[in-house]
Structures are given as structure tokens and as C-alpha cells.
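Novice: In this note's numbering, the protein residues as written are 417 to 785.
Note that these hints are calculated values from the structure, not bench results. Among the clues, some could well be false.
[What the hints assert, rightly or not] Across the chosen pairs, the derived CB separations fall in these ranges:
#1 Ala-669 x Asp-568: 23 to 29 Å
#2 Gln-479 x His-607: 48 to 54 Å
#3 Arg-466 x Glu-783: 17 to 23 Å
#4 Leu-691 x Arg-471: 22 to 28 Å
Built from N, CA and C at the ideal position, the CB exists for glycine as well.
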Amino acid sequence: MFPKALREYEAVSPASGIDVRRFSWIRPLLDDYTNNFASVSALYAGDPSRPEAWRAAITRAQQHTRRRADLAALVAVQQAHRNAAPEARSAVATLAQPDTVAVLTGQQAGVFGGPLFTILKAITAIQLARRTAAEHGVATVPVFWVDAEDHDWDEVRSATVLDADSRPRRVELDPVEGAGLLPIGALSLTHDIESKLAELEASLAQTDFTEWTLSALRAAWRPGEGMATAFAHWLEGLLGPFGLVVFESGDPAAKPFVADLFARELQFPGKTAALAAAAGDAMSKSGHAPQVVPQAENLSLFKLDGPRRAIRRREDQFAIGDDIQSPSALAAEAVAHPERFSPNVLLRPIVEDAIFPTICYVAGPGELA
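Take the sequences, apply the hints, and build the full model.
Specialist: Below, the structure is given as C-alpha cells:
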């Protein structure tokens, strides 16, 4: 029902924008990015308002060699497990073609779909992909990167909705085994999810969409299902009919695509952090505070051996908790077993661009920095 209603709205609703300055919590960087791009142009690859910036991004993405057929096969397996819509499966087939490009966005795998802007980001990616295809004559696929390798349980365990009296009502999952220690993608739902769905149903006002929404949520969030897969199932059911490709980034089968990238991070420790620090200095000089301040001793990789653990430099060795390893041994392990590693927030965009032919990323205000 929702996809049908969205198509009907799309057919009659005029394009319009919202001035971000209406929101008091918007960071100054976003204000400059949208209203005075020249003042921050040195921080970004191109001005999104200029067609030549898009053409340059398309050319860069098309020139980079990728394992497109293997990637399409991997995502097709994920889609088959979730019974994805034909439009989403067709988009993956398009992704295998040599000149196809992608518009990416993503979010943590929050319960019941997470915050509303998750859906808004996904819809924006769909619209940008359509516009790019129309204006530049290139096949463009919207991709949603489900981030499920973080272990921040509190960030994904709750959803806030408006009840029948338009008051905010929070529905929160009880901790599951491994919560707060294991990556979100390694956590499975328990029978607690059924009582939380009932609590959600009792909180919602009755509308034309309530029954469909609850049915879709129950189909995705089931006892025994993984948190990341439940989220992907829900989002794909919602926007897969519009060609959105949902990618579960924590899939171990995806890690060989970036094994060499992981190894380079270990062979040149601190390089990513140094580049991020330099970018942060440039931001500070332009009057903006960087979102992330890297620590020189930390690598931009985590080790996944149960809990996600930081990798730190200790003289000419690496420390993972109390375990000390040589750079060469850990780099060899990353090549042989890349599923044992996970990128941090600094390396993840590079991982995304290594896997997908990305021309732009639909970012939230914090991600933009």
C-alpha cells in the first residue's frame, strides 16, 4: 500500500525544497555547503550544483576497475534471502554493467527502521539516481549501505513515534545476548520483539497506512532474525519497488572485495588518520569544527573476533587488547581472512567507494563533516 501511495504522491507533488536555516540545530558547515559553497569548496570534490562536477564524478567512477559481476552476484544472494522486489533485482543486474554508476547513502540498522531521516535519505538517493540518469545519460543505481558493524546497541535499540495524541512515545528493545559487545549485525532478535511490536501497535494512531505498516514490520522483525537483515528486509520492502538496492555491508562474503585495502591500512599505519587530521585542520581554518578527531595511535580498522576491538600502534607492533602482533602478520591475515576486520568511520567511505562505483553520497549533517 505504501509504495502505491508514494507513487501517487510523486505523480502530483511539485518539487520543492526546505531551507536548512529553518532548523536551529543545523551546523554552520551545512549552511555554508547549501548556501555559500564557495567558502567550503576546498573541502569537497566538487560543487553539487554544477553539472561539470557530476560529469567528473561519473568519469572517475567509470574508470576505476571493480569486480562488478561478483558484486552483483553477492547482492543478488542477499536479495533472494529477503525476497526483494523485481525492480530492486533489476537494479542489481544494471549494477553489473561496466559503465553503471551509483548514488549511495546509509544508516545504522535501527529497530523498526530507525529515525525518519533514514527513509528520507533513501528517497533522496533514489531521486538523485533518476536525475543523474536523465541529465547525464548514464545508468545510475541508488544503493543503501546498511551499517551493522558498529556495536553501539543504544543507538539502534529504540524507536520514537507519535501516538494518537501526537505525543512522542518511545518503544525500546530489551538487551539481547551480546548487546553492547558484538557488532549489531551479529545480534539476533528474541521473542521480546513480539511484545514490542504490540506496544508499537497500541501507540500508533489509526490511519490508512497503519495496518500495512504493522504487517510489513512484523514480516521483517521476527524472533531469530538478525538485526541487520530485519532492517534491510523492512527498507527493501518499502523502497525496493522504486529500484533501491539494499546492501548488508557486514556480510562476510563482501569482505574479500576490500581485503587489499585492509592490508594497506595495516602496511601504512596512521596514513588514514593523518589524512583525516589534515582535512580537519583545513576545516578548522575555514571556521568549522571537524566531526571526528582521529587518534594518531589508532588504525582505521577494527578486529572482529567476537567483540569489535580497536587496533593500536605500539612502537613497531600492533596491539589488539593484550594481544601483540607484527604488522606483516596482521596484514597477511587481512588478505587471507578479511571477514575478521571492519573499517572505522574514517575508512568506511573509502571501502564504500572501492566496492561500488559511487558518484555521490547522500549524507546527514554530521556525515557531511
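Novice: May I ask you to test the hint 48 to 54 Å on the CB atoms belonging to Gln-479 and His-607?
Specialist: holds (51 Å)
Novice: Is it true that Ala-669 and Asp-568 lie within 23 to 29 Å of each other by Cβ?
Specialist: Taking Cβ atoms as reference, Ala-669 and Asp-568 lie about 24 Å apart, which means the hint holds.
Novice: Starting from the range 17 to 23 Å, see whether the pair Arg-466 and Glu-783 falls in it by beta-carbon distance.
Specialist: Taking Cβ atoms as reference, Arg-466 and Glu-783 lie about 21 Å apart, which means the hint holds.
Novice: Taking the beta carbons of Leu-691 and Arg-471, is their distance inside 22 to 28 Å?
Specialist: holds (26 Å)
The structure meets every hint from the earlier list without exception.
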